[in-house]
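Trainee: Assemble the complex: chain H is given as a structure, and chain P must be docked to it using the hints.
Line order of the protein sequences matches chains H and P. Under full-length UniProt numbering, the first residue of the first sequence is numbered 1, with each subsequent residue one higher. Under full-length UniProt numbering, the first residue of the second sequence is numbered 1, with each subsequent residue one higher.
Since the hints were derived computationally from the structure, they do not count as laboratory data. Fair warning: there could be bad hints in the mix.
Unchecked claim - With a cut-off of at most 25 Å between alpha-carbon atoms, the simulated DMTMM-like pairs for lysine to aspartate or glutamate come out as follows:
hint : chain 1 : residue 1 : chain 2 : residue 2
1    : P       : Lys25     : H       : Asp202
2    : H       : Lys54     : P       : Asp130
3    : P       : Lys190    : P       : Asp180
4    : P       : Lys190    : H       : Asp8
5    : H       : Lys36     : H       : Glu52
6    : H       : Lys54     : P       : Asp143
7    : H       : Lys128    : P       : Asp39
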Amino acid sequence: MSLAQARDREQRVARENLKPVGQSTHFVTGTWASLKDVWGSRELTSLLVRRELKARYKDSSLGIVWSLVRPLAQLLIYYFAIGQILGVARSIPSFAIFVFVGLTTWGLFVEIVQGGTTSITNNSGLIKKIYLPREIFPLASVGGALFNFGVQLIILVLATIVAGQIPLDLNLLYAPLSLTVLIFFATGFGILLAGLNVYLRDIQHLVEVAIMVLFWASPIVYSFSFVHDKLQGNWLEQLYLANPITLAVLGMQRAFWVAGTTESTSQNWPDDLAIRLWIALGISIVILWIGQRIFSRIQGNFAQEL
Amino acid sequence: MTTPTIIHVEDVSKRFVMHKDKSIKERILNFSRARKHQDDFWALKDISLDITMGTTVGLVGHNGSGKSTLLKVVGGIIQPTTGNVSRRGRMAALLELGAGFHPDLTGRENVYLNSAILGLSRSETDRYFDEIVDFSGIEDFIDTQVKFYSSGMYVRLAFAVAVHVDPDLLLVDEVLAVGDEPFQRKCMAKIAQFQAEGRTIVLVSHSAEQVGALCDRVVVLEHGEMLHDGDPAQALRVLRGSFSDEAVRHEEKLEAEGRPEHHVVEVPQVTVTASDQDTDGIIAPRADIHVSVQYEVLETIEPWLIGVALETAVGNVVYRMTTRELGETLPLQPGTYELNVTFKNHNLGGGSYSVSVGLAYESGATILVVNPAATFEVADYGIGRGAIRLDVESSVKRIAAARAAGIS
Chain H
1 MSLAQARDRE QRVARENLKP VGQSTHFVTG TWASLKDVWG SRELTSLLVR
51 RELKARYKDS SLGIVWSLVR PLAQLLIYYF AIGQILGVAR SIPSFAIFVF
101 VGLTTWGLFV EIVQGGTTSI TNNSGLIKKI YLPREIFPLA SVGGALFNFG
151 VQLIILVLAT IVAGQIPLDL NLLYAPLSLT VLIFFATGFG ILLAGLNVYL
201 RDIQHLVEVA IMVLFWASPI VYSFSFVHDK LQGNWLEQLY LANPITLAVL
251 GMQRAFWVAG TTESTSQNWP DDLAIRLWIA LGISIVILWI GQRIFSRIQG
301 NFAQEL
Chain P
1 MTTPTIIHVE DVSKRFVMHK DKSIKERILN FSRARKHQDD FWALKDISLD
51 ITMGTTVGLV GHNGSGKSTL LKVVGGIIQP TTGNVSRRGR MAALLELGAG
101 FHPDLTGREN VYLNSAILGL SRSETDRYFD EIVDFSGIED FIDTQVKFYS
151 SGMYVRLAFA VAVHVDPDLL LVDEVLAVGD EPFQRKCMAK IAQFQAEGRT
201 IVLVSHSAEQ VGALCDRVVV LEHGEMLHDG DPAQALRVLR GSFSDEAVRH
251 EEKLEAEGRP EHHVVEVPQV TVTASDQDTD GIIAPRADIH VSVQYEVLET
301 IEPWLIGVAL ETAVGNVVYR MTTRELGETL PLQPGTYELN VTFKNHNLGG
351 GSYSVSVGLA YESGATILVV NPAATFEVAD YGIGRGAIRL DVESSVKRIA
401 AARAAGIS
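Next comes chain P alone, as it looks inside the complex:
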């Protein structure tokens, strides 16, 4: 049986018209100029998307790229200007924790109200109530008005309600990063359980790490258009690319305005080579990796340093160091130089990595960050997965006999 589609988005566009005046007086006064006073922009442009059941889809993009709008359109909160969205199954939207909590009501009353808002019937809430309170960990305060709650207690209770709703489709907007660390771990475990139970999750996040860890499909949006749809690792690369595109655009804009961004140091080129590479450039295990950073000092500067970091495809830093830690003193006079760093007998696991380079004064101010400056790929080793490789040996031996028959 093929997996059924749970969300079908077809050619969806959304235009926002921004009225700058609201009162009758202003409308009459500005009637002739009303057109000018309308600013519209397209938050979404011809988005088509089919999401099958059981997948976890991440929506990423810059601020204002339309990802939250898309989530709201899927959730039915905003109607698209053109195109249509259809959906099946039971949905719960977690766009804001505790939306609908009333400060004057007690925790208990708010649990019932909030679960009704999220679509639970009263008898279902009765059934889950103890579990919800248990999950939130605020048993002692459940009969206190929520206006007396600390903000942590507030979101914990809200999240507890939200995850006990039994949805087929869960829409999540930037709400997973709440509470202290044990609670966050609880939340992540709950999400993993949701995934195992075949629920579909669509989440908006700024955290590349979170998206990389949770999603099996990522959609990158930029200015309302879909840049990428599919593999998470690649999506994050696209996203990062679009971040640097943005930086380039910013620079071009400044240049067009006649005030180019002024750098005292430029990094025209960063190259990665290795002592053992195949024809595709894939680096063999245990080879020496050379990173060379070519840089040009344009004018005499104060003491400064270069930082080099190796990151995984989803943006986790594997290793980073600075020239100060290496004991290198960088030249302060204008000229073109090259910094060579060699990682001997590297222990990186298979996969693709990126190198990012950061330049800063010793006083701490940033001069320039190039991310990603270069990428490289490491061959798989065969045993195990991960960002680093450890030498592994194993054995199995018997410690004691089975305690009783029949227990396996």
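Only chain H is shown next, with the shape it has when bound in the complex:
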């Protein structure tokens, strides 16, 4: 029996072509191969996501509730410190919902980028021992981030229902577009930084600082109208709006912050938000592509650098 089995195996393998080992570093043709590789290991990626989520809350009695505590604590801090004490809430109706929309969106970006940056170094044990398409590690952290985001989004929707401001109009279509922009943009950076962090561990600290600064460069705890009133559409405002995260946050606010459309008289969005988002999507895809190509080029030496 085993002889026949052996012959079957031999014939099956003989039909396959000899394939070069490792990723193609060619800029254009390698893309397709990488995509196929990643698609082929989607099952493993989802297992890695589950591993992360399970392991994170294992042995803690509150478990998944912890993924909500952080944004809720942030919400409380900003609501009281900035909204009430500094008085920002006076010009922004439904300030709590406004801040929570911004915080969840921003949190998704932070989690993807930070998780991605350290994903390769944290999985060095695996990378040194087994060949897998290495992109799946940053992608797994994207998955984990999306899960947490999903939980927060449910809370957000519940909150809008409780507040009687259910976001059920065409503006809701901004949400998928904004999220796509954000995910592509963040993933592109996540993958790129994951690769660079192997060679230069300073990257992960740099990312922490950059994220702290960038938080204030998007209208999360203040509304866009503040910016617009100050800058009156000059080149600085255009620069401010060139930031895909800013656009994504604005899009999400447009979708979920109903009071911003109905109760507020000030201009909370630039007029051509949709067009800007589409452009940002194009740019984000290019960034993701370039990030992946650079990653693919430098990943050959991961095993020895880790």
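Mentor: Chain P alone, transformed into the frame defined by chain H:
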């Protein structure tokens, strides 16, 4: 039909650059000296290799000879600096047992995760799951977090997953020596089954015995170069030769540094003769084998002894004894002497053997080991194979009639 090639390695070289500094500060400070701070060495030099399906190939060599690097290059974990590697079929790499096990997850969850890492789909894992647990023998603990496992349980579960992946090509790095003896026997049986099923195995091992027993082709690497490729027995001889070359080099180095290694006794010559030998020196069955060890005592020493061992080509000891057991007292004064040992009417099976000689104080400290000191070959007897020869007689008789017709 010719057997297809499963791995094709062409002119592969791998250079490792060792950066001694990692932070930006150090890089800026040492910018001008950056070149000096780079140490590179070639872990592999122009390796070309074709492995056909169904063979079991052993990679052997000293520590740092590049064998693990070669395995990693074949596995795609490390990219070669120059040259290319191509491969077909499904591969599983067993470079470390339990790579990817997460301590906080249960055995069950880790089985699924690890099989996905090794390339099994979920439905395949479902199918093999019971078999995997059965093979590992830890049914009772499968729903316990693996951080509570003993190290033995850990590797058993990991190995069980690894051997149930259905690879055409299995890369193994020093992981076969795990678990207790029954489990090890299970592992070896599994490897033998893999071989029978026509799977290709490439393994890195330090155990000459294992390589000799499992492989039908052995590649010897030294300093990144291929010293030998082919017959296992010969490969192990080459390997052992390179070990003693290493010792010679070590001695030369010491000598060059002006502090030659000091031996109180030298063994300049060991010869093997026999009472019945043909013109090629092949020893006939049942002859008397004489081993004579010439040695020179350079200065007065404490009581000591000589050990003589006969080993098979793959390094298994067939027989060994010491002068103390023979009741010989060795001279302690300087001079040149000869120890003669005769093995009367030897019972060795056909094949090549080596003699190794070891010198030690009676207190136990080693003075000198010469391995191999000499080699000899014994003619085949005709019936049976093995390291020893037994007189064999046989007969067949009927004990009872067949129990039922149709059963054969």
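Trainee: Taking the earlier hints as the rules, which of them does this structure contradict?
Mentor: Result: no hint breaks.
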